[in-house]
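There are 2 protein chains.
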Amino acid sequence: MSAVLLAVDWGTSSLRAALIDAHGQVQDTREFAQGILHVPQGEFAKVFQHRLGDWMQAPERLCLISGMAGSRQGWQEAPYCPCPAGFEDLSTRLHWIEPRIALVPGLHCTHQKTLDADRIGPGQDDVMRGEEVQIFGALSITGLSQATVVLPGTHSKWAQVRDSRVQRFQTFMTGELFALLSQHSILARTLVTDAPWDEAAFVHAVQQAQTGPGPLAHVFGTRTSALFERLPAAALTSHLSGLLIGEELRATRDMPDPLLLVGNSTLSARYALALRALGRSCTVLTHEATWAGLASLARNLNPPVIHHER
Amino acid sequence: MSAVLLAVDWGTSSLRAALIDAHGQVQDTREFAQGILHVPQGEFAKVFQHRLGDWMQAPERLCLISGMAGSRQGWQEAPYCPCPAGFEDLSTRLHWIEPRIALVPGLHCTHQKTLDADRIGPGQDDVMRGEEVQIFGALSITGLSQATVVLPGTHSKWAQVRDSRVQRFQTFMTGELFALLSQHSILARTLVTDAPWDEAAFVHAVQQAQTGPGPLAHVFGTRTSALFERLPAAALTSHLSGLLIGEELRATRDMPDPLLLVGNSTLSARYALALRALGRSCTVLTHEATWAGLASLARNLNPPVIHHER
Numbered sequence: 001m002s003a004v005l006l007a008v009d010w011g012t013s014s015l016r017a018a019l020i021d022a023h024g025q026v027q028d029t030r031e032f033a034q035g036i037l038h039v040p041q042g043e044f045a046k047v048f049q050h051r052l053g054d055w056m057q058a059p060e061r062l063c064l065i066s067g068m069a070g071s072r073q074g075w076q077e078a079p080y081c082p083c084p085a086g087f088e089d090l091s092t093r094l095h096w097i098e099p100r101i102a103l104v105p106g107l108h109c110t111h112q113k114t115l116d117a118d119r120i121g122p123g124q125d126d127v128m129r130g131e132e133v134q135i136f137g138a139l140s141i142t143g144l145s146q147a148t149v150v151l152p153g154t155h156s157k158w159a160q161v162r163d164s165r166v167q168r169f170q171t172f173m174t175g176e177l178f179a180l181l182s183q184h185s186i187l188a189r190t191l192v193t194d195a196p197w198d199e200a201a202f203v204h205a206v207q208q209a210q211t212g213p214g215p216l217a218h219v220f221g222t223r224t225s226a227l228f229e230r231l232p233a234a235a236l237t238s239h240l241s242g243l244l245i246g247e248e249l250r251a252t253r254d255m256p257d258p259l260l261l262v263g264n265s266t267l268s269a270r271y272a273l274a275l276r277a278l279g280r281s282c283t284v285l286t287h288e289a290t291w292a293g294l295a296s297l298a299r300n301l302n303p304p305v306i307h308h309e310r
Numbered sequence: 001m002s003a004v005l006l007a008v009d010w011g012t013s014s015l016r017a018a019l020i021d022a023h024g025q026v027q028d029t030r031e032f033a034q035g036i037l038h039v040p041q042g043e044f045a046k047v048f049q050h051r052l053g054d055w056m057q058a059p060e061r062l063c064l065i066s067g068m069a070g071s072r073q074g075w076q077e078a079p080y081c082p083c084p085a086g087f088e089d090l091s092t093r094l095h096w097i098e099p100r101i102a103l104v105p106g107l108h109c110t111h112q113k114t115l116d117a118d119r120i121g122p123g124q125d126d127v128m129r130g131e132e133v134q135i136f137g138a139l140s141i142t143g144l145s146q147a148t149v150v151l152p153g154t155h156s157k158w159a160q161v162r163d164s165r166v167q168r169f170q171t172f173m174t175g176e177l178f179a180l181l182s183q184h185s186i187l188a189r190t191l192v193t194d195a196p197w198d199e200a201a202f203v204h205a206v207q208q209a210q211t212g213p214g215p216l217a218h219v220f221g222t223r224t225s226a227l228f229e230r231l232p233a234a235a236l237t238s239h240l241s242g243l244l245i246g247e248e249l250r251a252t253r254d255m256p257d258p259l260l261l262v263g264n265s266t267l268s269a270r271y272a273l274a275l276r277a278l279g280r281s282c283t284v285l286t287h288e289a290t291w292a293g294l295a296s297l298a299r300n301l302n303p304p305v306i307h308h309e310r
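Chains A and B supply the protein sequences, listed in that same order. Using this note's numbering, the first residue of the first sequence is number 1, and each one after it goes up by one. Using this note's numbering, the first residue of the second sequence is number 1, and each one after it goes up by one.
FYI, nobody ran anything at the bench for these hints, they're computed from the structure. Remember, predicted model here, so these are calculated numbers, not experimental data. C-beta atoms are modelled at their ideal positions from N, C-alpha and C, and glycine is treated no differently. Mixed in with the good hints there might be a few duds.
Which stretches of chain B does chain A cover? Using the computed rule of at least three CB atoms under 8 Å from a CB of chain A, they are [to be verified]:
(1) 159-172
(2) 220-232
Have a look at the derived ranges for each label pair, beta carbon to beta carbon [claimed, not checked]:
(3) B:Gly42 / A:Glu77: 55 to 65 Å
(4) A:Glu43 / B:Val192: 23 to 33 Å
(5) B:Ala200 / A:Ser14: 32 to 42 Å
(6) A:Gln73 / B:Ser145: 52 to 62 Å
(7) B:Thr193 / A:Glu43: 30 to 40 Å
(8) A:Glu77 / B:Ala33: 45 to 55 Å
(9) B:Arg189 / A:Ser14: 12 to 22 Å
(10) A:Ala233 / B:Gln146: 36 to 46 Å
(11) B:Thr110 / A:Ala200: 18 to 28 Å
(12) B:Gly53 / A:Ala233: 35 to 45 Å
(13) A:Ala188 / B:Asp194: 18 to 28 Å
Sample of chain A residues lacking proximity to chain B, with all beta carbon distances greater than 12 Å (derived) [to be verified]:
(14) Arg16
(15) Gln34
(16) His38
(17) Arg51
(18) Gly53
(19) Arg165
(20) Pro196
(21) Trp197
(22) Thr286
(23) Asn302
The shape of chain A in the complex, shown without the other chains (with noise of 0.2 Å):
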């Protein structure tokens, strides 16, 4: 059957296509090293027409582009759709730039201020672009209207759905904090990065960033426990993993299952371990959750490209 949708996920450091026949099924796909960072501004058509020109040579294929190919340092900034957003959100909101091609917004939510309006100060905001996709992918692909969704990764999001529609969602530096700590901070010196993973190192420091002093201070006693030689070095990088991710999951244990876990499997893996740890079940979802995604949009689409299933 001839592919229905081009789905096209451009974030900051690739680029990653499939091809989607009429009932949701992925025929081809192809990835790239070539995020946005990667393309000069102005080059987006060029860049796309060179990898990905002859998959758009049929004429009636559509494709929709979900990532950061839509904000300001992308293709063209398509507005941040508000939250609670839903399917149909997304859909009406495409951002068509050529007669076929359209950009999926990302997501924008606001939290309620925790003081006093007399302390009033900015806001906070939070933002997305692709995960939102990934998220109305494993809803589609688990049939659920109400889950936690959670997106490990640089900036790992944690999303809430109800009825269908993302409520609000939270951001967390963690995977940044990672790389930094490992490579710029003093515990840089001590840390082997290429040693093997230590599941019990990171158990063990998932559970420990569960209470205590906070963060900033159990990161610190990683270089404590180098230096007084009771976790061995090469468990160092699991430990701070661990501390790291069981922060996280310390700030988010509090949202209601259940889980859907979305991302690579390397990194579900750890958070998977994390959460059993702490006694919380997860379901984990892998890059599908994008193509289901998309091709759920393409669905919405009137006339709609892709079949609904009966």
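Chain B: place on chain A using the hints.
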């Protein structure tokens, strides 16, 4: 009156020295940007002689050296003194490296485990080198035997003193994390590092850090605040500083008064402002605490080189 003590604070980035007379008065000081990181291994005696040799020509004069010069990477390793520790513990554990020159030991404490014994893992150690002298100096200046002594910095220390002894202390990576995030993170592109200090943005961030989803999320909010222009770019550095110092104050809010703050005047002013915004008061001491601490140690030697004042 002739100086009886050469007091030296030899840290990671600088070498500072003071001549102190028999009444504990500072007669003269020197400072060099030659911390232990800038001294090749094996050349500490040579650097000391070059910088301070003339101040050791008086035959009866003693020299006490605190700080990282007593670490494994320093002149010689002066083994840590375990907590609880008082003046006397330090003075009986001075590490004499020449007949008239001693290194002051740092302090070590082990935090109680908060986990079940069957989940046992590495304990939480903590260490300081140099701050112990400032703590005892602050007690000597104020006449207090019970206090929480706060030493803001790259690695901030909070020490709990009871019965004139340091019972325990906790280190926070606040200053280092601020530097890492300002220089290397996604925030680095947005921050205006030479912007003037914005007290209102700082205080608001301190308050924001007291509640909500913790620093991994709050710090990411600095980026989105910039994106949505809730905060002028010039205020972001003050905001980030407030979030991190605020997190440190959140983690230490149960530490008992009175608070003694010992540090450089810029950083102490920020901490004092943050504490005031949270309804806490503190007494601020500057580097005088170092000289007072080393003088107190000299006073406890047998025979004392500095007289007890009547």
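> Out of the numbered hints, which ones does the structure contradict?
Replying inline: Structure breaks no hint.
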